[in-house]
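Q: Sequence:
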Amino acid sequence: MENKTKRNISLTGDIKFTGLRLKEPMETSAGLLGVKEALRHGFKEMGIVRSMRSLLEMNQEDGFRCPSCAWPVPENPSKIAEYCENGAKALADEATREHIGADFFAEHSIEKLSRLSDFELNKLGRIVEPMVLRPNSVHYEAISWQDAFELISEQLHRLKDPNEAIFYTSGRSSNEAAYLYGMFARAFGTNNMPDCSNMCHESSGVALSETLGIGKGSVKLDDLYGAEVILVVGQNPGTNHPRMLSALEKCKKNGGKVISINPLAETGLVNFKNPQSVSDMLGNGQPIADIHLPVKINEDVALAKLILKKLVALDAKNHNVLDHEFIVEYVDGYDELIKDLDRYDVESLQQRTGVYMHKIDKVVELLAENSKIVICWAMGITQHKNAVDCIKEYVNILLLKGAVGKPFAGTCPVRGHSNVQGDRSVGIMHYVNKRLNKKIQEHLNFDPPTEKGYDTVEAIEAMHKKKAKVFVCLGGNFVMAASDTKYTAEAIQNCELTVQISTKLNRSHLITGKTALVLPTFGRSEKDEKNGELQFLTMESSTGKVRQSKGLLKPASEHIKSEPEIIALLAHTYFRGNHSMNWYELGQDYNLIRKLIDKTVKGFQNTSEQSKGFGYYLPNNVRNRDFRMLPNGMAQLSITPLPDHELQANELLLMTIRSHDQFNTTIYGLNDRYRGIHNERRVVFMNEEDMTEKGLTQLDVVNLHSHYDGIQRTAEKFLIVTYNIPKGNMAAYFPETNMLVPHNHFADKSQTPISKSIRVTVEKIL
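Everything in the sequence shown is counted per the UniProt record's numbering, starting at 1 for the first residue and increasing by one.
Hints were generated in silico from the structure; no laboratory data involved.
You may find that some hints are simply not true.
Label pairs and their in silico Cβ distance ranges [what the hints assert, rightly or not]: (1) G695 x S137: 48 to 58 angstroms; (2) K466 x K599: 46 to 56 angstroms; (3) E585 x E336: 28 to 38 angstroms; (4) E369 x L552: 16 to 26 angstroms.
In the DSS-like style, the derived pairs of lysine-lysine whose C-alpha atoms are separated by at most 27 angstroms in a straight line are [stated by the list, open to error]: (5) K372 x K250; (6) K527 x K612; (7) K749 x K16; (8) K599 x K434; (9) K438 x K545; (10) K44 x K79; (11) K250 x K309; (12) K694 x K717; (13) K550 x K438; (14) K406 x K220; (15) K452 x K749; (16) K434 x K406; (17) K23 x K694; (18) K16 x K439; (19) K486 x K527; (20) K16 x K123; (21) K253 x K545; (22) K545 x K599; (23) K545 x K439.
Glycine is no exception: its CB is placed at the ideal position from the N, C-alpha and C atoms.
I would like the entire structure built from these sequences, with the hints used as guidance.
A: So this is what it looks like as structure tokens:
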């Protein structure tokens, strides 16, 4: 049955199969095929000359940062290929020659456009002029920039309370744009600043802040090269951040070992042919994972406890397995942790994990013999009810081994979008940071709000209850990225005004408030000139390094503006030029923005100069073993319970995943070639034993249902595909299955959605 919302907008597009072709999952990632696919996509979207010129500048010293993932750039990058296949696709996607404007929208209603799939919508091209959707209309029409700013300002002035407005930020933004955006929200009077981290990485920030005193990872890129053991947990780097594979390859060549912990054996961690290496490309490639532990979905706490118990038992015999000197000096909670571990028996923990004991013992042996250990993780860990506990349990391993605050060891939460970490660093947060507020008063001369604002979950609920009336999005595809798609769509449609600052059309431009604006902005690769001066922006990588990004392509249209200028002009219009900050000037000279960042944001210093080349690292207390801000001035070991999934007899656990042809909610193509899926996205991966028990066979058509709080949510028409996934577990692509995730079920403390462990039933329909 088709889901429809107001204005007869489809939440899914017309649900149809596109011609699935199945092949065996691949055993080697990247290589010549990866290069071919990257170039094919670029040539098709951008043309040969424009594509090659851009690729040669991406991630280079004076070039632009990849618009895709947040993986750091090495000190000595490849001069010809410091990018991956998905980075090349992201570049081609934003720099496409396909453009749409007023004529297109006059011909295509939003009702008609909503019938298209997310893949088809993305292929329509760049939006090249500001557009407005008036109340009761189904067609966008052109609007001047000044009229757009006046419309937003008028609506904001009309609100009875500043907290009726919500300012959402995507990780595609720059530090400069995010800073201005956050300061405008505060100057307006609200801390309602949800961001994409709330949906993805907030669990890491909470867990690391409580255990180590900073919500970021502690390693630098070089630390991975010299690590003796790297655990890659709940992560698929081959698809989601492929340049990480080069770092893992260097670790292997330096004698290190890599352990993959994930329900699926992902191709990127099986074998890697580095496109930067002729010998790799012509040879057999480099095996990456020495051991793969196919842990059942959300049984990482059980696995980590089992590893800890075995390490403690070995230490009791030899007393040289754990780093007791480090523990005594820097760690709090050791005795309590040992007592807690004694409550669990080895066999029960192993049974929960679904992993053979001999494999676990090999991992324990490696951890026992080595102390230069890095643990990496991503959304496979951060999106569970007990996500914060999952991360804390892995931090326990590092602390007992003394594997933090020294070279080649530490935490490495791998962020998704290219500046999601930078957004938070420069002030995009819904909570109150007293130090930042004090600096704002001192240097920006206004009083910021002192009440906590809405995070993403709270923002959706506020809009659904009509407590919030204006929703502004700095990038992203909010409706499709958030959980509980139908509920989120209803929430958005309750708004009086929704504003999207975007490069390309997506479903969030079709599911809108009564009035909607689309404000088109520059892509990362486009040249930004103001008053004859070439401007640059800065971003922060997953490892906390800030560096410049300079576009080189001609902008898609003379009628689009940069994100900093859009925000600055909006603020200038709203305040009528009567504010302590000179918003107009800030939008014309980004050096002025960076000077304010340096004055107000912790860790940023002389950013305009220091961010040149390959940038500078922000301070990180863990690297100095400085835990003074924590209880007793020490790093904290954690006591965590095992999860209770409350599965009914007919239920399985589903995790949402990305295909190889997508980045976040942006769909580049219909293939997931590493997993053997071609020309289709509506598939669900299932264990063969589960299929037999439920009377299902390969390519049966099923509906998926989730049941929470007496509400049934349904994702329609998926093809069953037999796959090597633990019994009792399934996997399917997002955003197609986000509608199964209840908005009010989320991780404790962090409130990230439970997208990686959804209780579902399977209904065969064909």
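Q: For a quick check of understanding: which of the numbered hints are violated here, in increasing order?
A: Those not satisfied are hints 2, 3, 4, 7, 11, 13, 16, 18, 19.
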